[in-house]
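There are 2 protein chains.
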Amino acid sequence: MLYQPTSPTIKVRVANWAKNIKSSMLQEMLSVASKPGILSFALGLPAPELFPSSQMAQAATQVLSDDAQALQYGPPYRPLKAQIVAMMRQRGVDCREEQILITGGAQQGMNLLTRLLLNPGGQVVVEKLTYTGFHQILEQFQPGILTVPTDYNSGIDVESIEKLLRRGARPALIYVITDGHNPLGVSLSLDKRIRLVKLARQYCVPIIEDDAYGLLNYDNKHLPPLRALDEDFVFYIGSFSKILAPGLRVGWLIVPESLIPRLSIIKEATDINTSTFAHRVVSAYLAAGHLEGHLTALRREYRVRRDIMINALREHFPCSARWHEPTSGVFIWVELNEGVDTIMLLKTAVEEEQVAFIPGAALSVTPSRRYDNCIRLNFSNCAPEFIKEGIARLARVSEKCGRNISCHH
Amino acid sequence: MLYQPTSPTIKVRVANWAKNIKSSMLQEMLSVASKPGILSFALGLPAPELFPSSQMAQAATQVLSDDAQALQYGPPYRPLKAQIVAMMRQRGVDCREEQILITGGAQQGMNLLTRLLLNPGGQVVVEKLTYTGFHQILEQFQPGILTVPTDYNSGIDVESIEKLLRRGARPALIYVITDGHNPLGVSLSLDKRIRLVKLARQYCVPIIEDDAYGLLNYDNKHLPPLRALDEDFVFYIGSFSKILAPGLRVGWLIVPESLIPRLSIIKEATDINTSTFAHRVVSAYLAAGHLEGHLTALRREYRVRRDIMINALREHFPCSARWHEPTSGVFIWVELNEGVDTIMLLKTAVEEEQVAFIPGAALSVTPSRRYDNCIRLNFSNCAPEFIKEGIARLARVSEKCGRNISCHH
Chain A
901 MLYQPTSPTI KVRVANWAKN IKSSMLQEML SVASKPGILS FALGLPAPEL FPSSQMAQAA
961 TQVLSDDAQA LQYGPPYRPL KAQIVAMMRQ RGVDCREEQI LITGGAQQGM NLLTRLLLNP
1021 GGQVVVEKLT YTGFHQILEQ FQPGILTVPT DYNSGIDVES IEKLLRRGAR PALIYVITDG
1081 HNPLGVSLSL DKRIRLVKLA RQYCVPIIED DAYGLLNYDN KHLPPLRALD EDFVFYIGSF
1141 SKILAPGLRV GWLIVPESLI PRLSIIKEAT DINTSTFAHR VVSAYLAAGH LEGHLTALRR
1201 EYRVRRDIMI NALREHFPCS ARWHEPTSGV FIWVELNEGV DTIMLLKTAV EEEQVAFIPG
1261 AALSVTPSRR YDNCIRLNFS NCAPEFIKEG IARLARVSEK CGRNISCHH
Chain B
901 MLYQPTSPTI KVRVANWAKN IKSSMLQEML SVASKPGILS FALGLPAPEL FPSSQMAQAA
961 TQVLSDDAQA LQYGPPYRPL KAQIVAMMRQ RGVDCREEQI LITGGAQQGM NLLTRLLLNP
1021 GGQVVVEKLT YTGFHQILEQ FQPGILTVPT DYNSGIDVES IEKLLRRGAR PALIYVITDG
1081 HNPLGVSLSL DKRIRLVKLA RQYCVPIIED DAYGLLNYDN KHLPPLRALD EDFVFYIGSF
1141 SKILAPGLRV GWLIVPESLI PRLSIIKEAT DINTSTFAHR VVSAYLAAGH LEGHLTALRR
1201 EYRVRRDIMI NALREHFPCS ARWHEPTSGV FIWVELNEGV DTIMLLKTAV EEEQVAFIPG
1261 AALSVTPSRR YDNCIRLNFS NCAPEFIKEG IARLARVSEK CGRNISCHH
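Same order as they appear, the protein sequences are chains A and B.
Residue numbering for the first sequence follows the numbering used here, starting at 901 and increasing by one per position.
Residue numbering for the second sequence follows the numbering used here, starting at 901 and increasing by one per position.
Treat the hints loosely; a few may be bogus.
Copies of the same chain look alike in the list, so a pair counts if it works inside one copy or between any two.
[Claimed, not checked] Mimicking DSBU-like on lysine-lysine, the simulated pairs with C-alpha atoms at most 35 Å apart in a straight line are:
1) K1247 / K1063
2) K1098 / K1300
3) K1028 / K919
4) K1028 / K1288
5) K1098 / K1063
6) K922 / K1098
7) K919 / K1288
8) K981 / K922
The hints are simulated quantities; they were obtained by calculation from the structure and are not laboratory data.
Using the sequences provided together with the hints, build the complete structure.
This is the structure we're talking about:
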């Protein structure tokens, strides 16, 4: 080494926006929640015991022995696009291979779309509470963030969006989670779906529809995703992470065909767009016909876990909390009594009862005290017996904190 | 569907920079070169027959049966970082796990670094001829691009960089391919390595060192990468794409430890940073001790192919071309006689002799006629007998074009 290692006085200049990158409150919470022995409802993880590992191993072995191109640079795997078209038909969406861009998961999909649509300093419409990974993407653009409320029963407040647009706002995009909202669990009402799509068309504002949970529905009433209602202004994000396995990093976009060439080049600049192996493994798994049965098993088991969590909440929080039963996704949003500070509650819960969740304040797009008494609970990751036990522990610690009001100790 | 599919009058507004995204000249060439039956020296592809497919299948099966977390969301796999530290020691680089960020390949690595370092409209220093994937990344930033020449024997012109810096330029980064330059094949001289690192330190300008080919060296003389000379201002990019398999999408960065948290968050916003499966498969392959023998086989075979291509060039282009023998990487840069238009030559070569390459003009950072008579040839992808045959075909067609001067027909 010509020069001695880092002296503390040496400073590399980073881009302006990057100076303010901080580890998020959510991430800090996550590191707390991931301590060994913690019973965690914090993360939106699938149930690992349901992963089809041996079928995946078969798919990988088959692909590596049959397909000489499986490890080579190569374009997105066309057979997988055809399989996605067929899957989407089941979801009520009519689309063509030429409208599909295969991504490295939903997060990459929304990142690519945001880079396509948003100018630095441009405007976006998001809910006050929404997926935190989308906030992270926005950071680099330092955009004007127009927030709208969400109704716990019917989803994003379409009237608020209409007001913004009528007053002249021209956001580059509206970000919506149609089913199994993260963190609220709510699915958008049919009426709102129709009105939202109409607005998007009227004002020529594209909707980014994040449908990561759309195939995880627990009731017989399936509402059409927004993309089923309009194909010009709804840019659809799908993912295999929640329905198959997040570790594979495969998802997809459905967008107007005219935008595919530009998105392909943005994707190419991101990572060369050559996940040859992962595409083929997922495709071989789908070709073997495993997905339908797997989805049925997932829905059955997650419905059981949801019901157990709801019942445990009813039992242990009869008067001190409110929640709604989600019909899709993996989260339940719980409002505890006013005055409970759930950031302090988390600290006590982890230390004294080894149970974790995400406090509402960590999920707000802009700093706000409005969600201080709320928590997000995940019901997909823990086995049923741990769900019961975890909610009982949570009740004990929140009762104690309720008595002490602010939970300092 | 509420609304009829796309009417041609409907226009979604995209971000300003995205309006000008066009399919690159390189990509157009690639689509020509990928027609069936074409003998192609166009792409920088590894030899697929050397991929360790069965060992990869073993690794995948082992990981999926032994490790319950192999398909789950999870942080970057620490054992892989330790293995990269050991590999880098062989490359002459002393680094620590805490300085490593695992990426989805070299392209993603340079994308993340650029987003960390470059403001929109900022300045960068690149060679007039360099890796086109880096141009693609720059597009979004609409930067001031300061270009410097490259000496075909000793690499990037360090004096030109020094002049720029002395006159007050303060680029956000200098992008350099130290060994096996793409497209020129050149490796930077030791003297220039030392001077370049000194400049970076003197002016506090970080160097992005793209070392995708560094472990593919064909001579006994190994020069230290820049990162071996300085750890504060050299941000190192490594990749398993060329030494193992591009289809896996695994690479790494080595940067000052203080920048890892910020880069992790940029990576998280890009794709959640949870390529659990790919990390574990590569790690299991490395743990089984396969890499060293594989690298030895790759170097031996690629050296053979390089020599066969050089000999074929000597035989078929005794007076009508100039080239230098690369000591690393997968490319040979060939200058044909002045007046040959290699874009037209490619057209004729593909149509009449079914042989392809990349014309020099497609690889220039800024539009320029300076490389119109140059071509980039890849020697790693074709089997030896096809290399001989392909160069003979290329000679036939270029002789014909030489006679007709501009190659129109």
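To see whether the hints hold, each was checked on the structure:
Taking CA atoms no more than 35 Å apart as the test, K1247 paired with K1063 passes in neither setting, with 40 Å inside one copy and 56 Å between copies. For a Cα distance limit of 35 Å, the shortest separation of K1098 from K1300 qualifies neither inside one copy, at 49 Å, nor across copies, at 62 Å. In this assembly of identical chains, K1028 and K919 lie within 35 Å of each other by CA distance both inside one copy and across copies; the values are 25 Å within and 30 Å between. In the homo-oligomer, the alpha carbons of K1028 and K1288 lie at most 35 Å apart inside one protomer (30 Å), although the nearest pairing across protomers, at 64 Å, exceeds that limit.
In this homomeric assembly, K1098 and K1063 come within 35 Å of each other (Cα to Cα) only inside a single copy, at 14 Å, whereas the closest approach across copies is 58 Å. Taking the closest pair of Cα atoms, K922 and K1098 come within 35 Å of each other only across two copies (31 Å); inside a single copy the shortest separation is 38 Å, beyond that limit. Taking the shortest Cα distances, K919 and K1288 never come within 35 Å of each other, neither inside one copy (44 Å) nor across copies (54 Å). Proximity of K981 to K922 under the C-alpha cut-off of 35 Å is restricted to the inter-copy arrangement: shortest distance 23 Å between copies versus 37 Å within a copy.
Checked against the numbered hints above, the structure violates hints 1, 2, 7; every other hint is satisfied.
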